[in-house]
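> Residue numbers (full-length UniProt numbering): 1 to 237.
Bear in mind the hints are in silico, worked out from the structure with no lab data behind them. These numbers were taken from a predicted model, which means no experiment stands behind them. Keep in mind that the hints are not guaranteed to be accurate.
[What the hints assert, rightly or not] Below, a list of computed lysine-lysine pairs in the PhoX-like style, where the Cα atoms sit at most 20 Å apart:
1) K108 - K36
2) K114 - K91
3) K182 - K171
4) K91 - K129
5) K52 - K129
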Amino acid sequence: MYHIVICDDEPIFLTQISEMIIDILASMGESCEIRKYTSISELKNTLQNTPKSCDILILDIMLGENNGISFAECLRDTENQIPVIFISSSKEFVFDAYSAEPVGYILKPVSRQKLAEALTRAIRHLIPKSIIIDTPSRTVSFHIRDITYIEIINKELQIHLQDGTVTKIYKSLSAVREILPKDIFVQCHRCYIVSLYAVRSIRRFEITLNNHEIIPVSKYSYRDVQEQLQQYAAKWF
């Protein structure tokens with residue numbers, strides 16, 4: 001579930017865009033909790049007291065005497081890097097907004113397609129860029145996109161990377177599965193976890209990767225893997 005905060009001084013607009021966001025995320029197979037504010041001061045208090053309560057911020061640029069761009073710039077300078085989507089009635093501030101590094105700048109009336117594109121970019125921003133795996137003998141780090149699949153052979157975990165290299169560690173497959181992003185990695189077999197980034201096609205009972213390697217899919221996992229791949233494709237493509 002994503003925690004989304006919207007700040008705009010028009011209550012009717014807050015209701016309309018909230019309904020649109022819920023519908024867009026539902027079409028992606030995602031859910032959200034939305035909190036609505038009509039002033040920067042109210043929003044600022046919330047984020048200062050509970051910074052983890054916001055995953056994505058949707059912010060009107062002009063809120064009375066307050067400037068949404070300046071507020072977003074302050075957020076960017078904190079440790080809690082929240083992806084920001086700006087909403088505005090004018091193109092006037094589009095170049096000024098670059099300084100806050102938003103993931104979207106959408107003009108009112110808000111287009112569903114533009115909002116969906118901005119939300120997709122925001123969600124991508126939230127995906128961990130790397131994982132760290134601790135073992136009794138060492139700690140290893142991997143970029144998420146570098147991993148194609150993981151397999152367990154005789155209690156040895158083998159992590160296969162895009163460049164063809166394989167890192168071998170002693171760790172259970174279930175322990176590693178817990179720290180992997182669940183919308184990107186899927187366990188297709190009791191001995192295999194596959195990155196959906198790396199999947200070229202699926203059929204009974206095997207996955208073909210982009211590098212043409214074949215990974216087995218158990219008959220018990222086939223339907224779940226197929227559904228997860230469809231959700232992934234609908235979300236990102």
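> Indicate, hint by hint, whether the structure satisfies it.
Each hint, compared with the structure:
Distance hint between K108 and K36 is fulfilled; the C-alpha atoms sit about 18 Å from each other, no more than 20 Å. Between K114 and K91 the CA atoms are separated by roughly 15 Å; this keeps the pair inside 20 Å, and the hint holds. Only pairs whose Cα atoms come within 20 Å are accepted, and K182 paired with K171 is accepted, the gap being roughly 19 Å. Distance hint between K91 and K129 is unfulfilled; the C-alpha atoms sit about 32 Å from each other, more than 20 Å.
Taking the CA atoms of K52 and K129, the gap is about 19 Å. The hint holds against a cut of 20 Å.
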